[in-house]
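Novice: Whole structure, please, built from the sequences with the hints as guidance.
Number of protein chains: 2
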Amino acid sequence: MMNKNNTDWVRHVSITPPTLQNNTADADRLTGELKTQLNTDTVDIDLDLLKRLPDLLRRYEYSVNCILFKDRKRWLVTGVTNSHNTSPIYGLAVDLGTTRIVLRLIDLSTGRISDEISFDNPQISVGPDVLTRIHFADQDGGLDRLNKMIIDGLNRMIIKLCDSCKIKPNNIYLLSVAGNTAMTHLFMGLTPHWIIREPYIPVINRPGYVKAKELGIKVNPVAGVQIFPNVGSYFGGDLIAGILFSGLNKTSDTAILVDVGTNAEVVLGNKDWLIACAGAAGPALECGVTGMGMMAGPGAIDQVAIDQVAIDHDIYNIRLHTIGNMPPEGICGSGLIDLAAQLFLCGMIDIKGKLAPSICGSKLKEKDGIKHFVVVPAKDSATGSDLTISQAGIDSLIRSKAAMYTILETITSYVGISFKELSTFYVAGAFGSFINPGSAISIGMLPDLPIDRYKSLNNSSIGGATMALTSSECLDEIDNIRNRITYLELNVNQEFMNRFSAARFLPHTDRSLFRSVKVWTHSSEAHDGEQK
Amino acid sequence: MMNKNNTDWVRHVSITPPTLQNNTADADRLTGELKTQLNTDTVDIDLDLLKRLPDLLRRYEYSVNCILFKDRKRWLVTGVTNSHNTSPIYGLAVDLGTTRIVLRLIDLSTGRISDEISFDNPQISVGPDVLTRIHFADQDGGLDRLNKMIIDGLNRMIIKLCDSCKIKPNNIYLLSVAGNTAMTHLFMGLTPHWIIREPYIPVINRPGYVKAKELGIKVNPVAGVQIFPNVGSYFGGDLIAGILFSGLNKTSDTAILVDVGTNAEVVLGNKDWLIACAGAAGPALECGVTGMGMMAGPGAIDQVAIDQVAIDHDIYNIRLHTIGNMPPEGICGSGLIDLAAQLFLCGMIDIKGKLAPSICGSKLKEKDGIKHFVVVPAKDSATGSDLTISQAGIDSLIRSKAAMYTILETITSYVGISFKELSTFYVAGAFGSFINPGSAISIGMLPDLPIDRYKSLNNSSIGGATMALTSSECLDEIDNIRNRITYLELNVNQEFMNRFSAARFLPHTDRSLFRSVKVWTHSSEAHDGEQK
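Chains A and B, in that order, are what the protein sequence lines are. Position 378, counted from 1, in the first sequence is what the working numbering calls 381; the numbers after and before it change by one each time, with no gaps. Position 115, counted from 1, in the second sequence is what the working numbering calls 118; the numbers after and before it change by one each time, with no gaps.
It is worth saying that the hints were derived from the structure and are not from the lab. Here the structure is a predicted model, which means the values were calculated and not measured. Watch out, some of these pointers could steer you wrong.
As the list claims (entries may be wrong) - With a Cα cut of at most 30 Å, we get these calculated BS3-like pairs of lysine-lysine:
1) 214/B - 216/A
2) 38/A - 216/B
3) 54/A - 76/B
4) 214/B - 38/A
5) 76/A - 54/B
6) 76/A - 216/B
7) 76/B - 214/A
8) 38/B - 274/A
9) 221/B - 151/A
10) 214/B - 54/A
11) 221/B - 214/A
12) 151/B - 214/A
13) 76/B - 38/A
14) 54/B - 221/A
15) 221/B - 54/A
16) 38/A - 38/B
17) 216/B - 151/A
18) 214/B - 214/A
19) 54/A - 54/B
20) 253/B - 458/B
21) 221/A - 458/B
22) 38/A - 423/B
23) 216/A - 216/B
24) 151/A - 458/B
25) 76/A - 38/B
26) 221/B - 151/B
27) 214/B - 221/A
28) 216/B - 54/A
29) 171/A - 216/B
30) 423/B - 253/B
Unchecked claim - The following residues of chain B were derived to be distant from chain A, with all beta-carbon distances above 10 Å:
31) 169
32) 194
33) 372
Note that beta-carbon positions come from the ideal geometry of N, C-alpha and C, so glycine has one too.
Specialist: What follows is the structure, encoded as structure tokens:
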């Protein structure tokens, strides 16, 4: 029996009709054939499907497509369709982001992506961050409300996605869901209470098989949900999905994967070993900067370049790019890193990140005793006010980038590997993927490696979830990855603090670590003394 | 970790509280310990339980009793209770009889039977036999109605049983259900349509794990239901339970098990092999005899003895025993066999089963041209009318006993074993268990073996279901039994018909097969010629 053009989740099965000599029950006849095809000894059929099985087998003359689910060593039949006149068989990959939720529809007969939709996590109304939501979950009925928000939101989007692809939610037989540990708990209706309390214990690490119906997800009632496992409270299924997507678990060369956000999550390894850690990087990298910080979206400045108008003149022109080419409304993470890098390179901020009045000139304003750098004057902004970044905002960014670099230094030195030995540096995360690695190097957030070693993974979480929907090999690999990861607890000890302090300069106190970063020479350097 | 005084389904687990150094998730910590204890690699936790797990573990200080379910190689945790202050943990064994349903409550902490209750199968209102019900199931909504009857009936009885034991349905964590193939299908809501249609295909042979909640059974919502597998449409889970209960699958000596009813189901074998067959014996053995036939119950004649009043006088006194010592209302199966045996032994019926007017005397009456034998005159009966057995009723019984003997002959000769080689002859079935083997031998229904070889199993189906609730070894044995059975299709060929014809005499045409059966000599023999 060939399984041509299909993913591993759709299997053509043709069984000989029963006779008096061979009167095994319908279910056992079907699972018997599947056991042979799949070379396994456990194939079960869901009760809801079992009720319709005799009719389906006879109607389709014992030649059917079976839709399968795999829960570790156990296979489950979650659908039986006509193999002659193929009805649509779809899977749904879900990235359960704290901020944004992405749904991707996969045609399980071909493995191709049909469409994608995303929406803001409705739990944002409770709180933008996971911590607020976890506290809210402790309130009476709080967990149920958070759970309902996400499930209702998913159900609405599933209808929308299906409508656009002209299929029915009933045609979705398989879900693959990746999210961080807290989001996964809220999605499953499990209390996240202990996740944030020492010693930081999730309810479950490896959820395994759950029926979509049990979770309230309105797709085919028999559909199974594959939920990515977590390593712990601070290393979730989204990262396991990211590792799967990057493929670093399969290569001989050692590579690193960094998910940049409020938390910096890092995995280092190769086909033989995987080590991971996670640490707080602060909100700055996800635009928690006061003033002009905003989420990536239309009108957000995502790229910044500063040009010296003429050599020997300290007159600088700021060029901006906004998402959707809209009038600028604020700045998102990647724009902020660009901005900081450019400000540093042209000397508008010094190695401590302090705004230099001599170079900033008229771009510098003071409000309530705090220096502000005007990125976009009121006349050019969408808000009608100046868009500025404050000294406090810059300081916050520098703490974040220092934390990120310190985490990277800690994990690599723990295994005794230098940055140079890394074959690839994967940058993941909704925000991280858009970082200009050159800018990140300039401010000393990422190590000074040749730019081509950096690879952006875009949304690696949805990428991994998609892979799990296309082959059982990928699915098996998920548990392999999880079980192979050594989780390094980041102890904020003296060594960590020393590294952190050294990283709080631009790009670093040890300039030899960032030889490629060249600050422009400019005329003002001579006048520095005067202007102070 | 000892598991003292418990069944295999309750395990004490004590886990070390989590620390920063060991922060595995609650669920994985619990299943990890269980995997070690059970020496298995698959232990799952039901989602409903998972939602309460973190709270339960902390409240009980990580020392709990886990209630387990086993689905082939996979274990499931279906309950977590306080191990210090033990809360009641019960299991429910169910015999899903076509006529009568028996529920038995087992204390899973000790394995002891707490109480038992039984009730008439509510589906009797649709039809007394499985065939009528299967046809009814084909009607629009018919299957749902039949399913609801059984589930609602069970739920009512569960409440009653729990009330009498002062526990709550919520304390029931495990169910074990044995029924014939059709009843099992109706219980699960699966169509029985194909069971009675060539080539007689059940929907499923091995149901495996089903959640009580999914079936609508109102016990602990996480409770699992272990449903006995069937071998085919005519060899159901009740018989597998019977084999388990008899233990014939474990002995070196070959034994036979017969479930006597409208269908005669037979298993022959030992620890090395098992062969089974089933065949229609007709309704007579389950009191389908016209006239005075009734189900076993208060007022039913269940034992009959006929005494010769004085030697050389053909005056016979009929002594009866009724269930509950009530005035006689009718006769049940075991009474009927006694009656037929006694009538034969004293010559009131001849070797062809024909009523002999010369001996019956005034006890013989004729109605609509058919001879009736008055068992209880109107003045002594509960109905106020004569209780009689007609010639047609006797004929029907003889066909049934002949079918039974033929089936026994066929299966033993198929494996080349003689009746004498059988170490034990188990008689099972709600009716079969009450048969007097001596009477059954006298009419040639059961082979002429020493009486002590016969063992009545009473309700072996509930017995087997009970065993499955007390040890996992028994549970594993269920699948072993099922997989080892060779099912012999009874072909109604010439050989079968020859045997059947020979068995339609009392006790048999071949008198040498029944040497122990001694017909009384009496004075009337001399007069026979005259009275004709």
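Novice: Now look at each hint and say whether the structure bears it out.
Specialist: Status of the hints after comparison with the structure:
no.: 1; hint: 214/B - 216/A; in the structure: 14 Å, holds
no.: 2; hint: 38/A - 216/B; in the structure: 28 Å, holds
no.: 3; hint: 54/A - 76/B; in the structure: 24 Å, holds
no.: 4; hint: 214/B - 38/A; in the structure: 24 Å, holds
no.: 5; hint: 76/A - 54/B; in the structure: 24 Å, holds
no.: 6; hint: 76/A - 216/B; in the structure: 25 Å, holds
no.: 7; hint: 76/B - 214/A; in the structure: 20 Å, holds
no.: 8; hint: 38/B - 274/A; in the structure: 28 Å, holds
no.: 9; hint: 221/B - 151/A; in the structure: 26 Å, holds
no.: 10; hint: 214/B - 54/A; in the structure: 15 Å, holds
no.: 11; hint: 221/B - 214/A; in the structure: 20 Å, holds
no.: 12; hint: 151/B - 214/A; in the structure: 24 Å, holds
no.: 13; hint: 76/B - 38/A; in the structure: 15 Å, holds
no.: 14; hint: 54/B - 221/A; in the structure: 21 Å, holds
no.: 15; hint: 221/B - 54/A; in the structure: 21 Å, holds
no.: 16; hint: 38/A - 38/B; in the structure: 25 Å, holds
no.: 17; hint: 216/B - 151/A; in the structure: 22 Å, holds
no.: 18; hint: 214/B - 214/A; in the structure: 13 Å, holds
no.: 19; hint: 54/A - 54/B; in the structure: 29 Å, holds
no.: 20; hint: 253/B - 458/B; in the structure: 16 Å, holds
no.: 21; hint: 221/A - 458/B; in the structure: 55 Å, violated
no.: 22; hint: 38/A - 423/B; in the structure: 43 Å, violated
no.: 23; hint: 216/A - 216/B; in the structure: 13 Å, holds
no.: 24; hint: 151/A - 458/B; in the structure: 60 Å, violated
no.: 25; hint: 76/A - 38/B; in the structure: 15 Å, holds
no.: 26; hint: 221/B - 151/B; in the structure: 13 Å, holds
no.: 27; hint: 214/B - 221/A; in the structure: 21 Å, holds
no.: 28; hint: 216/B - 54/A; in the structure: 16 Å, holds
no.: 29; hint: 171/A - 216/B; in the structure: 28 Å, holds
no.: 30; hint: 423/B - 253/B; in the structure: 20 Å, holds
no.: 31; hint: 169; in the structure: 32 Å, holds
no.: 32; hint: 194; in the structure: 6 Å, violated
no.: 33; hint: 372; in the structure: 42 Å, holds
When the structure is compared with the earlier hints, violations turn up for hints 21, 22, 24, 32 and for no others.
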